[in-house]
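Start from chain P and add chain X according to the hints.
Protein chains in written order, with my numbering: chain P, 1 to 405; chain X, 1 to 149.
Hints were generated in silico from the structure; no laboratory data involved.
A few of these clues could be false.
Claimed, not checked - Simulated coverage check for chain P against chain X, where a stretch passes if three residues somewhere in it have a Cβ under 8 Å from a Cβ of chain X:
1. 147 to 155
2. 177 to 183
3. 312 to 324
What the hints assert, rightly or not - Mimicking SDA-like on lysine to any residue, the simulated pairs with C-alpha atoms at most 20 Å apart in a straight line are:
4. P:Lys-87 to X:Val-21
5. P:Lys-87 to X:Leu-23
6. P:Lys-111 to X:Lys-6
7. X:Lys-6 to P:Ala-100
8. X:Lys-6 to P:Thr-34
9. X:Lys-6 to P:Ala-109
10. X:Lys-147 to X:Tyr-53
11. P:Lys-87 to X:Ala-17
12. X:Lys-6 to P:Phe-163
13. P:Lys-87 to X:Ser-116
14. X:Lys-6 to P:Thr-114
15. X:Lys-6 to P:Tyr-159
16. P:Lys-160 to X:Ser-5
17. P:Lys-87 to X:Ile-22
18. P:Lys-160 to X:Lys-147
19. P:Lys-87 to X:Phe-15
20. X:Lys-6 to P:Leu-157
21. P:Lys-19 to P:Thr-34
22. P:Lys-87 to P:Phe-132
23. X:Lys-60 to X:Thr-35
24. X:Lys-6 to P:Cys-98
25. X:Lys-6 to P:Val-118
26. P:Lys-87 to X:Ser-5
27. X:Lys-6 to P:Ala-122
28. P:Lys-87 to X:Val-14
29. P:Lys-160 to X:Trp-7
30. X:Lys-6 to P:Val-105
31. X:Lys-6 to P:Tyr-112
32. X:Lys-6 to P:Val-162
33. X:Lys-6 to P:Val-96
34. X:Lys-60 to X:Glu-108
35. X:Lys-6 to P:Leu-93
36. P:Lys-160 to P:Leu-93
37. P:Lys-160 to P:His-200
38. X:Lys-6 to P:Leu-158
39. X:Lys-6 to P:Val-113
40. P:Lys-160 to X:Ile-12
Glycine is no exception: its CB is placed at the ideal position from the N, C-alpha and C atoms.
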Amino acid sequence: MNAPADFFPKGMIQVSIDKKVREWQEAGLLDEATGKRLVDYEYEQRAASERQNHKPPVLIIVGSILLALSLFSFVAANWQVIPDLLKIGLFLLFMVGCYALAERVRLKAPKYVTLLRVLGFAFFVATMAVIFTTYHLSGQVTLLFWIILAMAILHRLLYKHVFFTIIAAIAAFVAVTSSFDGIGFILIVFGLIVSWAWFHFTEETFDRTFAWLTVYGLLNLIGQYADYEGRLWPLWSLVILHVFLLFYRERAAWQATYLFVAAVLSIGYLIHVTERWLSQRPPSIFEATLLSIAFVAVYLIHRRSDLLWVSFLAIVPFALFEDTGVLLAIIIEVIALSYLIRQDMTRQPTTFAFIYFLVVQLTIYFIYVWDRLDISLFFFIGALIVFALSLALWWRNRTKGDVTT
Amino acid sequence: MRRISKWTIPVIQVFIAILFVILVYAVSWVGETYTFEGTSYEPYDPYFGDSIYLEYDALKGRHDVDTGTVYVSFQQGDDGFATIDRIESNPFFGGVRANYFDRVVYIEEMNVYRVSQDEVEAVEGEQSFTVQVDIAPWGMLRMYDLKSK
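In isolation and in its complexed conformation, chain P is listed as follows:
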């Protein structure tokens, strides 16, 4: 060890303080109690600074960084010739190492625990990536995404950190979108169980919203799996999801996702109603009626004012019979406006109602004006509409403020 710097002061204090205090006591400058306190204080200071100064010397830090770098570059340079199993074992070792380290520093340095666990999860994903690339398993990629989602959710449930919610949400998005290529029955059931567990075992709104959206995505995948030919399956999925409301009755913020998805669906149908793939395959009258009844029934069963707006989607299947889209545009316009006005009248937050109203305006404007105007004029008028609407909202808020004060 670096002897002179560490060793000397210790000896010096031992000698000098003890000696000095005794000297002062003998000279009658200090009483015995004060002298003892002085010595104790100095020893305490000494111990504290020793604890703080217990750092590895600079050379060792630099040396270990260099060693790590050379190790990494050595492994990277010989990656091709390392046996497959050794590669995988190496990654698994790093993964377990991260989790073990997280457990070790849990009490000493809690702020690094989550970072280490995220690293451990990252190494798990990396391990699976190595396995999949070395053995060419591109056919099983969908299964891998669902497994990664399940592990992310398990992290969330056991380690209870919100960061894993974000990871799980990303994994869920990737898993659902990659499954549209083709997904088997077993995988659908696995996905449903996993995302239900995510929904059920966390109380957080944030988690439940994403879990709910994952279940919604899976229900849409079932339509794909069953070779459903019509264009109304996203609406059916929303109807099916109301079952959740029978079991999770308490009013919670995640339930606003019903409204959100309904809003997105209405815009989606509005955009596509004039396009061929939708307008050339009108739904059967029977299915449209059944769907409308289902939506109304859902509202009548739950009797909740926010679900009333979701049940307005009952109009969509019938509006699809009219393929210029004017009917659907008018209906959605009226609904958006009345929703905005109702939110305003009942003094509830109008932000989302206003955004929805704005998006509806712009969608209708895009659909019906895009082909008919010069492009610069198109954007100029569009900007004017947005500006006028924002001005109206601002004016409305201002006068409302005046009234309440």
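Frame of chain P, contents of chain X only:
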């Protein structure tokens, strides 16, 4: 309880990784072996790398199946080479995932063959090959024993 739950996640993840590796090796243990005829676009030259890109003319699709992602199983033809048996849009037990467009079925895992050191001499300069493929019931496959035809 606390002591067990601490190690749950790492243990499960190690288990998943090992499971996949075992599944890969199990392809040769329980899988069925088929012989495929493949051609490469140009003669194999080891100078440009250890991979051969193979095409299979025998893998034709059918009219009643939508293009895009499909799942296929194989059967042995009269000439001893594999042809497509079942082809469906949804996964089924024993089906291999493939892409279907231009009336041809492409299997991503079978597009590239990694030539090992002892095979180089036998296949250098060749363009048409036969290759053995083990196909497991869970849809994984393994190629080996590339020979010039």
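Hint check:
Chain X is given as covering the region 147 to 155 of chain P, and this holds because 4 residues of the stretch bring a CB closer than 8 Å to a CB of that chain, at least three being needed. Here's how the region 177 to 183 of chain P fares: 3 of its residues keep a CB closer than 8 Å to some CB of chain X, so the rule of at least three is met and the hint holds. Given as covered by chain X, the region 312 to 324 of chain P fails the check, having 0 residues with a CB less than 8 Å from a CB of that chain where 3 are the minimum. For the given pair, Lys-87 (chain P) sits about 12 Å from Val-21 (chain X) by alpha-carbon distance, which is consistent with the 20 Å threshold.
A threshold of 20 Å between alpha carbons decides the hint, and for Lys-87 (chain P) with Leu-23 (chain X) the separation of about 17 Å falls inside it, so the pair holds. For the proposed pair Lys-111 (chain P) and Lys-6 (chain X), the alpha carbon gap of about 17 Å is at most 20 Å, so the pair holds. Note on Lys-6 (chain X) and Ala-100 (chain P): the hinted pairing holds, with a Cα-Cα distance of about 9 Å set against a maximum of 20 Å. For the hint pairing Lys-6 (chain X) with Thr-34 (chain P), the CA-to-CA distance comes to about 51 Å; that exceeds 20 Å, so the pair is violated.
In summary, the hint linking Lys-6 (chain X) to Ala-109 (chain P) is supported, as the alpha carbons are separated by about 17 Å, within the 20 Å threshold. In summary, the hint linking Lys-147 (chain X) to Tyr-53 (chain X) is supported, as the alpha carbons are separated by about 14 Å, within the 20 Å threshold. Our distance criterion of 20 Å between C-alpha atoms is met by Lys-87 (chain P) and Ala-17 (chain X), whose separation comes to about 12 Å. Distance hint between Lys-6 (chain X) and Phe-163 (chain P) is fulfilled; the C-alpha atoms sit about 18 Å from each other, no more than 20 Å.
A distance of roughly 19 Å separates the Cα atoms of Lys-87 (chain P) and Ser-116 (chain X); the hinted pair therefore holds under the 20 Å criterion. Our distance criterion of 20 Å between C-alpha atoms is met by Lys-6 (chain X) and Thr-114 (chain P), whose separation comes to about 14 Å. As the CA atoms of Lys-6 (chain X) and Tyr-159 (chain P) are separated by approximately 9 Å, the hinted pair is consistent with the 20 Å bound. Between the alpha carbons of Lys-160 (chain P) and Ser-5 (chain X) the distance comes to roughly 13 Å, so the proposed pair stays at or under 20 Å and holds.
Between Lys-87 (chain P) and Ile-22 (chain X) the alpha-carbon distance is near 15 Å, which keeps this suggested pair within the 20 Å criterion. Taking the CA atoms of Lys-160 (chain P) and Lys-147 (chain X), the gap is near 55 Å; set against the 20 Å cutoff, the hint is violated. Restraint check for Lys-87 (chain P) and Phe-15 (chain X): satisfied, since their Cα atoms lie roughly 16 Å apart, inside the 20 Å limit. The straight-line distance between the Cα atoms of Lys-6 (chain X) and Leu-157 (chain P) is roughly 12 Å, inside the 20 Å bound, and the hint therefore holds.
Between the alpha carbons of Lys-19 (chain P) and Thr-34 (chain P) the distance comes to roughly 14 Å, so the proposed pair stays at or under 20 Å and holds. For the hint linking Lys-87 (chain P) to Phe-132 (chain P), the alpha-carbon distance of about 12 Å falls within 20 Å, and the restraint holds. Using a Cα cut-off of 20 Å, the hinted pair Lys-60 (chain X) and Thr-35 (chain X) holds, with the two alpha carbons roughly 16 Å apart. A hinted pair counts as satisfied when its Cα atoms are at most 20 Å apart, and Lys-6 (chain X) with Cys-98 (chain P) qualifies at roughly 13 Å.
As the CA atoms of Lys-6 (chain X) and Val-118 (chain P) are separated by approximately 15 Å, the hinted pair is consistent with the 20 Å bound. The straight-line distance between the Cα atoms of Lys-87 (chain P) and Ser-5 (chain X) is roughly 28 Å, outside the 20 Å bound, and the hint therefore fails. The straight-line distance between the Cα atoms of Lys-6 (chain X) and Ala-122 (chain P) is roughly 18 Å, inside the 20 Å bound, and the hint therefore holds. For the hint pairing Lys-87 (chain P) with Val-14 (chain X), the CA-to-CA distance comes to about 14 Å; that is within 20 Å, so the pair holds.
Taking the CA atoms of Lys-160 (chain P) and Trp-7 (chain X), the gap is near 15 Å; set against the 20 Å cutoff, the hint holds. Straight-line distance between C-alpha atoms of Lys-6 (chain X) and Val-105 (chain P) comes to about 13 Å, which keeps the hinted pair within the 20 Å bound. A C-alpha spacing of about 16 Å is found between Lys-6 (chain X) and Tyr-112 (chain P), which places the hinted pair at or below 20 Å, so the restraint holds. A hinted pair counts as satisfied when its Cα atoms are at most 20 Å apart, and Lys-6 (chain X) with Val-162 (chain P) qualifies at roughly 18 Å.
A C-alpha spacing of about 12 Å is found between Lys-6 (chain X) and Val-96 (chain P), which places the hinted pair at or below 20 Å, so the restraint holds. Distance hint between Lys-60 (chain X) and Glu-108 (chain X) is fulfilled; the C-alpha atoms sit about 15 Å from each other, no more than 20 Å. Note on Lys-6 (chain X) and Leu-93 (chain P): the hinted pairing holds, with a Cα-Cα distance of about 17 Å set against a maximum of 20 Å. Between Lys-160 (chain P) and Leu-93 (chain P) the CA atoms are separated by roughly 24 Å; this puts the pair beyond 20 Å, and the hint is violated.
A distance of roughly 14 Å separates the Cα atoms of Lys-160 (chain P) and His-200 (chain P); the hinted pair therefore holds under the 20 Å criterion. For a cut-off of 20 Å, the pair hint linking Lys-6 (chain X) to Leu-158 (chain P) stands: about 9 Å separates their Cα positions. For the suggested pair Lys-6 (chain X) and Val-113 (chain P), the alpha carbons sit about 13 Å apart, so the restraint of at most 20 Å is met. This hinted pair checks out: Lys-160 (chain P) and Ile-12 (chain X) have alpha carbons roughly 18 Å apart, not beyond 20 Å.
Checked against the numbered hints given earlier, this structure breaks hints 3, 8, 18, 26 and 36; the rest are met.
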